[in-house]
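Number of protein chains: 2
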Amino acid sequence: MAAERLVVVGGDAAGMSAASQARRMKGPAELEIVAFERGHFTSYSACGIPYWIGGQVAGPDALIARTPEEHRARGIDLRTRTEVVELDVAGQRVRARELDSGAESWTGYDRLVLATGARPVRPRLPGIGAHGVHGVQTLDDGRRLMDTLERREIRRAVVVGAGYIGVEMAEALVSRGYEVTVLHRGVQPMATLDPDMGALVHEAMNRMGIRTVAGAEVAKILTDEEGRAIAVATASGEEYPADVVVLGIGVEPRTALARAAGLPLGESGGILTDLSMRVRGHEDIWSGGDCVEVMDLVSGRTRHIPLGTHANKHGQVIGAGVGGGYATFPGVVGTAVSKVCDLEIARTGLRERDALAAGLRFVTATITSTNTAGYYPGATEMTVKMLAERRTGRLLGVQIVGGAGSAKRVDVAAVALTAGMTVDQVVSLDLGYAPPFSPVWDPVLVAARKAVTAVRSAGA
Amino acid sequence: MAAERLVVVGGDAAGMSAASQARRMKGPAELEIVAFERGHFTSYSACGIPYWIGGQVAGPDALIARTPEEHRARGIDLRTRTEVVELDVAGQRVRARELDSGAESWTGYDRLVLATGARPVRPRLPGIGAHGVHGVQTLDDGRRLMDTLERREIRRAVVVGAGYIGVEMAEALVSRGYEVTVLHRGVQPMATLDPDMGALVHEAMNRMGIRTVAGAEVAKILTDEEGRAIAVATASGEEYPADVVVLGIGVEPRTALARAAGLPLGESGGILTDLSMRVRGHEDIWSGGDCVEVMDLVSGRTRHIPLGTHANKHGQVIGAGVGGGYATFPGVVGTAVSKVCDLEIARTGLRERDALAAGLRFVTATITSTNTAGYYPGATEMTVKMLAERRTGRLLGVQIVGGAGSAKRVDVAAVALTAGMTVDQVVSLDLGYAPPFSPVWDPVLVAARKAVTAVRSAGA
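Protein sequences, first through last, are from chains G and E. Quick note on numbering: the first sequence equals residues 1 to 460 in full-length UniProt numbering. Quick note on numbering: the second sequence equals residues 1 to 460 in full-length UniProt numbering.
If we strip away everything but chain G, and leave its shape as in the complex, we get (with noise of 0.2 Å):
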């Protein structure tokens, strides 16, 4: 029997780490493995350029899992710099052109996997595509943002959108030495949470320098004779000189190919795929990472949720079936952490719009207490807010902003709410205590306590 030929589309974690999986499971003589990948790089850390541009990290080696060679070394057929333009579903194969020839062929798969993950929103604006203004999302795009810092003399930095690569690369160019003005259309930075947990990231960045200016919407970006940006104008005519412009707006999935091709998209342009990561209606086609929609599980909706521990999940999960294994990948609860300097930064579950937009009543609770025992040496502030729902008191979403040791307290909750927990029982968790850790009622179980007599005076 001749070898059966898997193609994946896009070199890094879901298509790399289904590809690897994949390899482990079936050899050469059983499996062929085609990996296309339209960048220089594979297996990448996307999420570590804000600290290779802040300078903890030395280089983009370092945040490479797994080079093109190792892969090959594999026995996976990776060609780099090679972008598949059509996939013909019905006649099983894509097409592909090499970017630095020009040339194009067509590969034929009996399983294919689509893992072309995100790119980030461009707005379609004057001078958007002006030197020195750049997106953050690939490891080209973070080469690029260097040779510019490096070549040009930079003093001023301008970061439009204030999400998590926002607010990691305002961190990023200040801790550089940049003045850093952050342009962002909301009410509050860290739109990921609510407005009111959002002001304390918002006094954060203020103490740490960065300006913040809310309620911005960029029009264009000035440019000098050269073409080189200059400044960031706003719809209401504030000018913000730059000598570099950072896009950190957000990323939408990179689904032109799968939209072409008739597959299933999801309300936010997301690949719909099953629990099996099987994109909807297609026996022989997978897809996984920052190009699907995946269930949350406490909306009972899909979301596009573009995160590298999803990703390398979904890789798993889609490696096990490519491989004729079994694996299933449940769904999220959408925890994200991040930080800006000291402050950690952290959610999961639904905000207030989300559980409005899910169509459940809600109360909350909002506490601050301490990362460790108050009296331990280094005390810092923690404040946490708690969603629960009305009549059950079910978990609905926790936020948290604080010191060190903040961020991943939130896992407590990403856990309870996957166990479908209400916050009576996370009031009798059995968490860590000991002074330099936490103080003796740790703040998300303060937290739920308070939730608790909320949902009790809220009533039926």
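I should point out that these hints are in silico values taken from the structure, not numbers from a laboratory. Watch out, some of these pointers could steer you wrong.
Said to hold, decoys possible - If the Cβ cut is set under 7 Å, some of the chain E residues that face chain G in the computed set are: (1) Cys47; (2) Gly48; (3) Leu99; (4) Ser101; (5) Ala260; (6) Gly262; (7) Pro330; (8) Ala358; (9) Leu360; (10) Val412; (11) Phe437.
What the hints assert, rightly or not - Footprint (simulated), chain E over chain G, 3 or more residues, beta carbon under 8 Å: (12) 137-148; (13) 265-279; (14) 356-370; (15) 419-429.
Yeah, the Cβ is synthetic: ideal placement off N, Cα and C, and Gly gets one too.
Model the placement of chain E on the given structure of chain G, informed by the hints.
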């Protein structure tokens, strides 16, 4: 209607939490509250004593959450330096002795809370009562130890026992510049971990300059002519010179009063209660804190787990019940966290010997990863050991030893244990990921992946 009287025996976490919660629910016209405490202090953090001794906390005042005067101001008739010496269950009264005057009197109760705590195990050895031999169970103990450290010329300290207290006291004494030797009976320090994990603690302690002696059975304390401890001698004949000796051998429930009154005690000598913390078979007596046994939800047996965080929860539950409300304490999973210098130590659920004793067949999986992304500056090693039940794959326990951020990771496993999750379910948990906080696969998930494989390999 005359006010009912609540009598509380023991003025630390459980007793005074119960009294305070009851007072919030019922005013003095409805409920008179009398509380007896043997020592000088109330509502303090005994867990903070090592940090006071080590100099990170200024003095005992910082460890006191609420003073006797503060309790009295809230309408609690608190009598310090007064010990309850007899409980007359049939007559619903207690006999109390004022320790300074020796005066005794009976006090009747309608409802009784026993929160007598635990006492350090003090083996009956020659010299155990010598000057310079100290337990560290109460603030009064801490004050006596500090007196010794300040009055004597200390160069060498011997700590007997290498559990939480022993290890924390070793760190405290090293940080005061003493030569510290820890004598313990086991194969490895931290017998609350399996020996393979305890070995990591052992290595770390030795790197910090703490000498550890395994298999050491203390036979006597040698004293000088003024009755001061000068050395510790073991059964095998070794002598360890000591200017101060700290006993950290563990504690046992302080239940002489309950035992004499015929209250039900468990295998470890702790008082047995129902889920509302009412003493089994007694409508008008509640008990909580370090003098009770709690239900271990993983093994299905009651255990004695003296820990401030449980005591506080018990107090809340008892206060609600005594005050006419309703609350329960469903049990524990055995979570404990600690540190020795920079090494964090944590456990939850069952160790190998616990699982065997509970009649469970299991597999183990041990992995070493890092606390942050491997490329993030300051990444340090973190070792996770996981136990899972054979056949079902149910999570049974987790032990963690490693750098910053290791200990509180165990909370994820504590919640998963409470929810009865399998290791397969743990692999899919949506835990917070960002390079400063975790590798893309959180170490707990990596251990779970390995445990899944081990469960499959073990078969039925």
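Results of checking the hints against the structure:
Interface restraint check for E/Cys47: the shortest CB-CB distance to chain G comes to about 6 Å, inside 7 Å, so the restraint holds. Interface restraint check: E/Gly48 against chain G, minimum CB-CB distance 5 Å, threshold 7 Å, status holds. Annotation: E/Leu99 was flagged as interfacial toward chain G, and the flag is violated, the nearest CB pair being 27 Å apart, outside 7 Å. The closest approach between the C-beta of E/Ser101 and any C-beta of chain G is roughly 34 Å, which is over the 7 Å cut-off, so the hint fails.
Nearest Cβ of chain G to the Cβ of E/Ala260: about 31 Å, over the 7 Å cut. The hint is violated. Because the beta carbon of E/Gly262 sits about 30 Å from the nearest beta carbon in chain G, more than 7 Å, this interface hint is broken. Interface restraint check for E/Pro330: the shortest CB-CB distance to chain G comes to about 5 Å, inside 7 Å, so the restraint holds. At its closest, the beta carbon of E/Ala358 sits 17 Å from a beta carbon of chain G; the interface hint therefore is violated under the 7 Å criterion.
Nearest Cβ of chain G to the Cβ of E/Leu360: about 19 Å, over the 7 Å cut. The hint is violated. The criterion of a C-beta within 7 Å of any C-beta in chain G is met by E/Val412, whose closest approach is roughly 5 Å, and the hint holds. The interface hint given for E/Phe437 holds, since its Cβ lies 5 Å from the closest Cβ of chain G, which is under the 7 Å cut-off. Only residues whose C-beta sits within less than 8 Å of a C-beta in chain E count toward coverage, and the segment 137-148 of chain G has 0 of them, not enough to reach three; the restraint is violated.
Coverage of the segment 265-279 of chain G by chain E is violated [criterion: at least 3 residues with CB-CB distance below 8 Å; count 0]. Coverage of a stretch by a chain is defined here by at least three residues with a beta carbon nearer than 8 Å to that chain's beta carbons; for the segment 356-370 of chain G and chain E the count is 0, and the condition is violated. Against chain E, the segment 419-429 of chain G contributes 6 residues with a C-beta closer than 8 Å to a partner C-beta. That satisfies the three-residue criterion, and the hint holds.
Consistency with the previously given hints fails for numbers 3, 4, 5, 6, 8, 9, 12, 13 and 14, ordered from lowest to highest.
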